[in-house]
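Chemist: Chain residues, written in single-letter form:
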Amino acid sequence: MAKEKKDGSFWLWVIASVIFRLVLIYFPKNLNLASRPEVSTPLTSLRRLAEGYWLKQSSLSPYAGSMYHGSPLLLAVLGPLTTNGIEGQPNNLLCSLVFVIADLVNAILIRAIGEKLQIAYSQSLKSLDLYTISKSSAILPSRDIAALVYLWNPFTIVACVGLSTSPIENLTILLSLYGACTRMVPLAAFGWVMATHLSLYPVILIVPVILLLGYGPDTPPRKLFLHRRCDKIDDNASSDRNCHQGEAVKQPELANVFSWRSVNLFLLWTIIWSLYVLVLCGIYVKQYGGLGEMFRRTYGFILTMQDLSPNIGVLWYFFAEVFDFFRNFFLVVFHMNILFMILPLAIRLNHRPCFLAFVYITTSSMLKSYPSVGDSALYLGLVGLFVNELAEMQFSFFIFCVYVGVSLLSPVMHNLWIWRGTGNANFYFATAMAYACLQIILVVESVSAMLNHDRELRKLSTAAKLQESSKS
Amino acid sequence: MAESETPRTKQRPIVRLGLFLISHSLLFSVVCCAAGVVALLLLPVLAKNTYISENALMPGSANPMLSGEDASEANKLVKEVIALNSKSGASGIKRQRLIAQYMSDLGAEVNYHKFHPQGVHFHPLHFFSSPGSGTTERNISCSLRGTNIVGIIRAPRGDGKEAIVLVTPYNSVKINQGEAMSLGIAYSVFSLLTRVTWLAKDIIWLVADSQHGEYAAVSAWLRDYHTPVFNGLHTIDAEICVVANNLHEAKEQPTNERNIYDGFRRAGTMAAALVIKVLDRNEQFEDSLSIYAEASNGQMPNLDLINIVNYLAVHRQGLRAKVEKMWSVIDSKWVKTLGELFESLGQLARYLNPQWKFGIPAADYVEGTATLASSLYNQALGVPTGPHGAFRDYQVDAITLEISSRASFDNKNSRNEFLLRGGRLIEGVIRSVNNLLEKFHQSFFLYLLTSPSKFVSVGVYMIALALLVAPLPMVAASLYTDANKLDSIQRKDKPTASASVAEECDVNLRSWKWVNAAKKVFVLHSWGSVVSLLPYLVCQIPNCSPTASFLLWVLLSALSLLIMHLILASPFFHATESQLHVGEWAILKSVTISVAFIGLCLMSVINFATAEIGGLLVVPMCLMAHPLKLDLKVWRLKNFLRVAFNIVFVFIGFPPATFMVLKSTFEGFNSFNVGDFWNWVESLWAWNSATYLYIVMVHLPCWTCKSED
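In the order they appear, the protein sequences are chains V and C.
Each residue of the first sequence is one higher than the one before, counting from 1 in our numbering.
Each residue of the second sequence is one higher than the one before, counting from 1001 in our numbering.
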């Protein structure tokens, strides 16, 4: 009964958010969001996509004139929508509707992922005999919180209404995570291939996706299960207290084994999907220089940071200042930064692949060359999934306040610099740096809160064990 | 939390410093607030002398070339313009034609710019958008039409990409002596500039028709200047009425007006603009020059522009430069005593060490404070002090020069003399600006003036505000940690077995407890935005007296608050009120304080003066706030004092009450009327002032939060 009521209120909020978006779409001129640097980057701007489509229609290369830098497939799907408007309605209404639907689907996917995570987590807690923690919070289950946070996050709304393609990019990422959670291997592979194709940075998500497919959704540290099992075996056998790995593996019901089969399947599907995407793209851009040109104009544009117009990231300022002969060196350094994080984090958090994905998304959205608020929308939605685990997170209030402050201050600084002329680039860059620092704090705090949570679990499980042994 | 207490012994110094500050937040907040107020009062003492920062300007390096001949020619124009006053009939059109004739005789390109002054728009989002974007809709009424005359001299040495603008507002229906004299000054300079060889920037002389307000005329011209229309249809909407009204004008267009064009003429981007005005009333002591610089939202032109005007006026033309002062401050006793105090402190410092140059004479201090107060007030209002404000919206540096003469304009010699001086001043300024290679960028944009030759830069005045608002995050942090600590102690006291389900969830999400308080504050702030939109509705009612509309506004706001409380708030608040305990209000207060801090910081970037004044009102209120219920339970002197302070601060913090108190202290009680507040607010939103947004979206909700406590 109570659950139904909660469900009802959840859907009510979802519908309200959709209506809110539709209302905002009707005032595009007044809000002028599509021209904000926070919302539309060279990669995600719909205006550029329309330009690319127009070039294509007039038999030119869509990449001519350095206007469009996205995928040809996106051009084929969204391009026709940019030209066909409904009479008497705002321009780009159809595109906006597509983005609203994408956002809605994203929220539902987040909720589904959350459900999977919750079920798996409570199961694994039960197997550790830690019933007390598995009680869900009284307000709303974490999956609903995450979905609502995603839908009502001002960043998401702005990115959706501001005609940027980031809802679609987020959709592909979430598809791949969802597919990996539910072990739908072709879907996971498709999501990952598309996400990589659209915005390159999700390529690092292959690690959490493989972990998800191999080990299943997030669990407490695997060592705990091992101990637990040893103890059970010990109790049964009443033998001495050393426990071998081999004994643990023998237990069939504990899915602690890395399932190579699904991973191999995933790799196979990945190859199939990427070939498919490449063939489609190849057909589309055949007359205009082929795939080589496409890669140069999309991935090359992302990696070499050609557009130095201001955005909420930190790289534009740096590469506007840096000497030309150091440019390549620093390009390598900055992109290595993302890659350096992968291995240590993967080792430390390999039992929590979804959380690992969240950390990767946050770091890449901090260090990517053309970040927008759409990326933040995604990771802020995902952080809602771990609200129970991160309950003890420090500075949550501080982070929230700084988020509010920075997101208000950044447009003001931009206004001071561009329109009023009283400020300069440093003002705006200062807010960009604050924003980057904030994301670092968010990552550091959430990771440490998660590790603390694991420690707490270990403590509780040993306590439970002691209790049990004292009882017996 | 015994386990977590033990490892806390060894912490990094910065954390220890933070904890120290948080634990002594009361002391620090009192000290910081006091220091902030003292720093604000010290600003006149800390003001530096202005200096010309851009080397290329070189003011006064060339001898003025304006001769008596130009002046007497200008005098002729003045006489003819005034003479048209006495004639009946279409004197306005004749006068326009006369001025245009004079301009074209000099060889300038002339065109008439017909415009419809735009009504006041209510547009809270305007601040964030570009100046030209949200202003397409207009309803044309033929009676409200003005005609500016624009003359352009093409520079012999320029490439036509840059221009300097001279503006002389005049009332085309009935011109007065001062306006005619300002026309004369501009004409004398203009006639000189047609002959000189050094000109590198085009000169635009805009004779603005001020019958619908000076600002409207100038801003209409600027809007058309900056929104080029390429299909040639742009004149149509302006011409609809013209055809009907002025048929005769078109017929008798004389053939000898060779340089008068139909279309809109443009020159390049504007480097600077000077608005020239002449005051009619005679000055008592000497010829003087008043400089007005404040544009919308507290923006100021580059300080270098004021510097060169001040330098040339004082050192070359012997005019006395003035900036606006708040006269009530000059008369007040306590400022005088404060000035004497600072003077004696300065003497003491000099006695201790002659190297220390601290302190200024008391009279200077009073003068500086009065100027600073008016500077702060004008910037905080965000309403431009003259037509120069329109230029700042397009990033053009502009000031208004108001010249007044000691001698009367009745006799010809004194008139010539005055025209010569004024003209030479303008010529010097134009010559300096003409030397510029780039836009003004060297000197300050963010400053406060304490006299025409003294300024307080952003680096100095920000200290005052920073000290004032520094307690806010500290107190918020200390309240937050205290509440959390209290909570954990409570938790430990209670045996976990008997804890209810609600308690359980509370425990579960301990560090997310602020979410409820944040929701509450968010609801109140969204109420603030509703209140900010209400005047739009109120304005739709025709024939409403200011008092009535104000009362209507208040009523509607209260109603919306009630509705919000009933509909939006109840599902949220229901859960929290049942478990309301001591920690709850502390977290609510901490959230409110953080929001106030964010708002003040934001406002300090947009408009420093508003933030400063708002900070003076909000900070004590925020820090003192304490629930009345808890205080009234215990009758002790401390609690009683706190209650009394709270009530006083809450009363002062309510915007209409603030307005009333300030007005009555400066102007006396007798002139007060509730409708004034409405008029004041109306002027604020008419100018798209960010102050208005600040008041209703930050100040008012914070105030409401406090008073709900």
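Incorrect hints may have been included.
Said to hold, decoys possible - Computed Cβ-Cβ distance ranges for the label pairs, DEER-style: (1) C:His1226 <-> V:Ser59: 33 to 43 Å; (2) C:Asn1055 <-> V:Leu60: 47 to 57 Å; (3) V:Val322 <-> C:Leu1559: 29 to 39 Å; (4) C:Val1038 <-> V:Ala430: 47 to 57 Å; (5) C:Ser1457 <-> V:Ala430: 42 to 52 Å; (6) C:Leu1559 <-> V:Asn337: 52 to 62 Å; (7) C:Gln1442 <-> V:Asn337: 36 to 46 Å; (8) V:Ile101 <-> C:Leu1559: 33 to 43 Å; (9) C:Leu1352 <-> V:Phe400: 48 to 58 Å.
To be verified - Computed list of chain C residues with no C-beta within reach of chain V, every gap over 12 Å: (10) Asn1049; (11) Lys1336; (12) Gln1347; (13) Asp1397; (14) Ala1477.
Source of the hints: derived by calculation from the structure; they are not laboratory data.
C-beta: ideal position from N, C-alpha, C; glycine also.
Chemist: Now look at each hint and say whether the structure bears it out.
Modeler: Do the hints match the structure? See the list:
A beta carbon spacing of about 37 Å between histidine 1226 (chain C) and serine 59 (chain V) agrees with the range 33 to 43 Å that was offered as a hint. The beta-carbon spacing between asparagine 1055 (chain C) and leucine 60 (chain V), approximately 49 Å, falls within the hinted interval of 47 to 57 Å. Evaluation of the 29 to 39 Å hint for valine 322 (chain V) and leucine 1559 (chain C) yields a failure: the beta carbon distance comes to about 58 Å. One distance hint, 47 to 57 Å for the beta-carbon pair valine 1038 (chain C) and alanine 430 (chain V), is violated here, with the actual separation near 28 Å.
Checked against the given bound of 42 to 52 Å, the beta carbons of serine 1457 (chain C) and alanine 430 (chain V), roughly 19 Å apart, lie outside it. Range check, leucine 1559 (chain C) to asparagine 337 (chain V): Cβ separation about 55 Å, and the 52 to 62 Å hint holds. Separation of glutamine 1442 (chain C) from asparagine 337 (chain V) is about 38 Å and conforms to the stated range, judged on CB atoms against 36 to 46 Å. Distance hint for isoleucine 101 (chain V) and leucine 1559 (chain C): a CB-CB separation of about 38 Å, consistent with the stated range 33 to 43 Å.
Separation of leucine 1352 (chain C) from phenylalanine 400 (chain V) is about 50 Å and conforms to the stated range, judged on CB atoms against 48 to 58 Å. Taking the minimum C-beta to C-beta distance to chain V, about 22 Å, the non-interface status of asparagine 1049 (chain C) holds against the 12 Å cut. Non-interface call for lysine 1336 (chain C) relative to chain V: holds, since the shortest CB-CB distance, roughly 35 Å, exceeds 12 Å. Remark: the non-interface label on glutamine 1347 (chain C) is consistent with the geometry, its nearest Cβ contact in chain V lying 38 Å away (cut-off 12 Å).
For aspartate 1397 (chain C), the non-interface assignment is contradicted: its Cβ lies about 9 Å from the closest Cβ of chain V, within the 12 Å cut-off. The Cβ of alanine 1477 (chain C) does not lie farther than 12 Å from every Cβ of chain V; its closest approach is about 8 Å, which violates its non-interface assignment.
Hint compliance for this structure: hints 3, 4, 5, 13 and 14 are not met, and every other hint is.
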